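Chemist: Sequence:
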Amino acid sequence: MAAKLFTTLVLLGAIAVMVSGALGYFRARDALEKAVFDQLTAARQTKTRQVENYFRTIQAELRLLATSKMVVDATREFRTAVEQLDQAGAPPQLRQKVGDWYAENFIPGMTRTLGRQSALSDYLPVGGAPYYLQYHYIV
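In case it helps, the numbering used here puts the sequence shown at residues 33 to 171.
Worth flagging that the hints you see were computed from the coordinates, not collected in a lab. Just so it is clear, the structure is predicted and the values come from calculations on it, not from any experiment. Take the hints with a grain of salt, since some may be wrong.
[To be verified] In silico SDA-like links for lysine to any residue, alpha-carbon gap of 20 Å or less:
1. 129 x 90
2. 66 x 93
3. 79 x 90
4. 79 x 67
5. 129 x 141
Given these sequences and hints, build the entire structure.
Modeler: This is the structure:
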């Protein structure tokens with residue numbers, strides 16, 4: 033009889049320990065998930081503020097530059113120079129070198145990205161100025 037009582041008490045004690053352990057585990061897991069979720073939310077909000085501040089700063093700088101006489105004058109002069117280059121046209125050898133650069137460097141990347149062969153003519157510049165500028169600054 034004493035052995036039966038002892039076994040019953042040990043069994044009840046073991047069940048109580050297992051239930052307490054399971055409840056503790058689930059509560060700890062839920063608390064940990066909530067803490068991680070809260071940290072990720074805070075990190076997301078911080079990044080959002082950083083990106084918004086970055087764009088506000090860039091916008092303010094652009095507004096400042098747009099009102100600068102030097103920038104306005106430089107933009108006008110650049111537009112005039114591009115128009116002159118367009119009117120002059122690009123020499124055939126310059127067009128050939130730019131076309132070769134596109135065929136060797138640009139088209140293979142587009143083919144990999146799109147998964148199909150791209151036509152070179154779809155990507156070549158139009159007008160004399162783009163050929164001239166790309167030849168001198170890219171090719």
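Chemist: Look at each hint and say if it fits the structure.
Modeler: How the hints compare with the structure:
1. 129 x 90: Distance ~37 Å between residue 129 and residue 90 Cα, so the pair is violated.
2. 66 x 93: Violated, at roughly 40 Å.
3. 79 x 90: Distance of about 16 Å is within 20 Å: holds.
4. 79 x 67: Holds: residue 79 and residue 67 sit about 18 Å apart, inside 20 Å.
5. 129 x 141: holds (18 Å)
Hints 1 and 2, counting from the list given before, are not met by this structure.
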